[in-house]
Every structure is written in structure tokens, then in C-alpha cells.
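Asker: In case you want the letters, here they are:
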Amino acid sequence: MPRPNDSLSNFELMVMLALIRLGDEAYGVPVSQQIADYRGKEVSIGSVYAALERLSSKGFVSSELGESTAERGGRAKRYFKVTRKGLQEVKETQRALVGLWKGLTELQDKKA
Amino acid sequence: MRRQPQKGWITDFGKWLLEHFSGSPNNDAILGDLEEQYARGKSRLWYSKEVAAAIVVRWCGEVFTKRILIMKRMAVWTVVLTATFFLGFWTARSTLLIPVEVPSMDSFKRQMEDRGVATDPYNIRGFLQIQLDEARTNDRRQRSAASKKRVEDFEKKLAEAQRRFLERRR
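Those protein sequence lines, which keep their order, are chains A and B.
With the numbering used here, letter number 78 in the first sequence gets 78, and the count goes up by one each step, no holes.
With the numbering used here, letter number 50 in the second sequence gets 50, and the count goes up by one each step, no holes.
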């Protein structure tokens, strides 16, 4: 059973889903853009990294340094990847949310 | 629109701020991401907002993760400061402590003069008074001419000392 601190917050879940979507190309900029596209609101890179640090301390994501480019002032990219434990946690969260969503007529789109 | 990597004050200042106030292990990656976006046409305002957000988010996260420790420390300091305040308050109001009045220089001089210390620093009159008392006691016991003479001598000496003392005082 997961510890209470190991559960995913709303934003952390979004970050995890963005990481899964992006695969091997997941670093700060595309993750924040991905979330911003779906949310319709801009997301600061700092808050993405803060969430990634928390997820990393929980063991849900791992990271490795990538190539450095002149465009980035010679700084290397840090690529993040969802771990097996992280994937398991996302699946459990999905199962819980889908279960809670089912049968809620108030949340269903009303068709004319 | 792509710009050349900027080495302007905004990126330098952003770097300095993040290095000094963020303390994130991903500072380098954050700065790289910010510079990448800045080079792709984001504004200076955007860059500044991102730096500020990174610092604020980091600090809020630190406070949240260390909230138990922070609350414990706040509780300890509240107890310590309250105890110190009440101890100081009690000490100031306590009747157990006798207030010590420091006399002014004038009143000190007056007191010394009243005791004759200022004009009779060796307290000759006091000394002679004691000698006279002893001589009188001896005289009452012995009833001799010598003891009587001794009493008379001391009476004269004391009278002389008293006269000089009053003269000096004037």
C-alpha cells in the first residue's frame, strides 16, 4: 500500500502524463508546453521542475543529462523518464479516478 | 524569431538570482530552458516572471516539506520569548528585589558633611569621644587623680577638635 506522501497531486499527475506522452524527449520546456496546451493556461518552467523534483524524490521519475547547445547558453538539457513505480502509481490513480467518474450524470455532456 | 544567445544583464541577473535564492539541484537545467525559450523569442518580462516563479515555487515547496520542523521551531521560540518576557516583567515588578537608590553627587557630599567625613576625614572627634568614654569608665572604677586628669585631658582635646571642626565647616 502506498504511503500517503506517495500519492500524486493534480499537477504532479499532469506532469507524469506529459512525461509519458513525450517519451524520450521529455525535458522542462516540452513538458510545460504540453501541460499548457491541454490546460489552456501557461505553466512556469520553475513549477514543472519543482514537481519533477518531488516526483524524483518519490521515485516516480528518473533523469539524465542530455546534450548542451549554444541556444541554451552551453547548458545541458535534463531529460526525465517515468519509472516503473511511477507508471504503476499513474495506473492506480487512473483506476481510482475512472471509478469515481463512472455514473456521474452531473459531469456528462448534455446533448441537445 | 530566433535570437542569438543573450549575454545581457537579464540572463546574468536571472542566473545570479536563481543561484542565490533558489537552491534547486536543477538550476542549470532551468536556466538552460529559460535561455532556450528566450532565444526563441520570449520577452524579458516573461524571463523575469519565470525566474521569480521558479524562486517562489521552490521556497513554497521548501516551507511545505519542512512545515513540521518549522512549526516545532516556532513553538519553541514562542515559549522561549514568552518566558523571557515574563521573567523580565516579574523581575522588574518584584517586591523581593530592593531598589537601590543611587544618590546624586550633591546629596552624597551633604551626607558626608553631616557625618563630618568631609571636614574631619580621620574622624578625630569620634576617636576622642571613644577615648573619653573609656577614660570616664576607668575613672568611675578607679576614682584616682590620674584617671580624673585623663578624663579632663580628653574633654579638652575633644572640645578643641569640635571647635576646629566647626571652624573648618564655616
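To be clear, the hints were calculated from the coordinates, so they are not data collected in a lab.
Accuracy of the hints is not assured; some may be wrong.
To give an idea of the interface, some chain B residues facing chain A are shown, with a C-beta separation under 7 Å as derived from the structure [as the list claims (entries may be wrong)]: (1) Gly23; (2) Asp28; (3) Ala39; (4) Gly41; (5) Ile70; (6) Asp106; (7) Ser107; (8) Glu134; (9) Ala135.
Since this is a predicted model, take the numbers as computed values, not measurements.
Glycine included, every Cβ here is placed at the ideal spot set by N, Cα and C.
Asker: Hints first: check each against the structure and report whether it holds.
Answerer: Consistency of the hints with the structure:
1. Gly23: Cβ of Gly23 of chain B sits 11 Å from chain A, so the hint is violated.
2. Asp28: Nearest chain A Cβ about 5 Å off; hint holds.
3. Ala39: For Ala39 of chain B, the interface hint holds, since the closest Cβ of chain A sits about 5 Å away, which is under 7 Å.
4. Gly41: The hint is violated - Gly41 of chain B has no Cβ within 7 Å of chain A, the shortest such distance being about 12 Å.
5. Ile70: violated, 17 Å
6. Asp106: violated, 71 Å
7. Ser107: violated, 71 Å
8. Glu134: Status violated, d = 93 Å.
9. Ala135: violated, 98 Å
In this structure, the earlier hints numbered 1, 4, 5, 6, 7, 8, 9 are contradicted, and the remaining ones agree with it.
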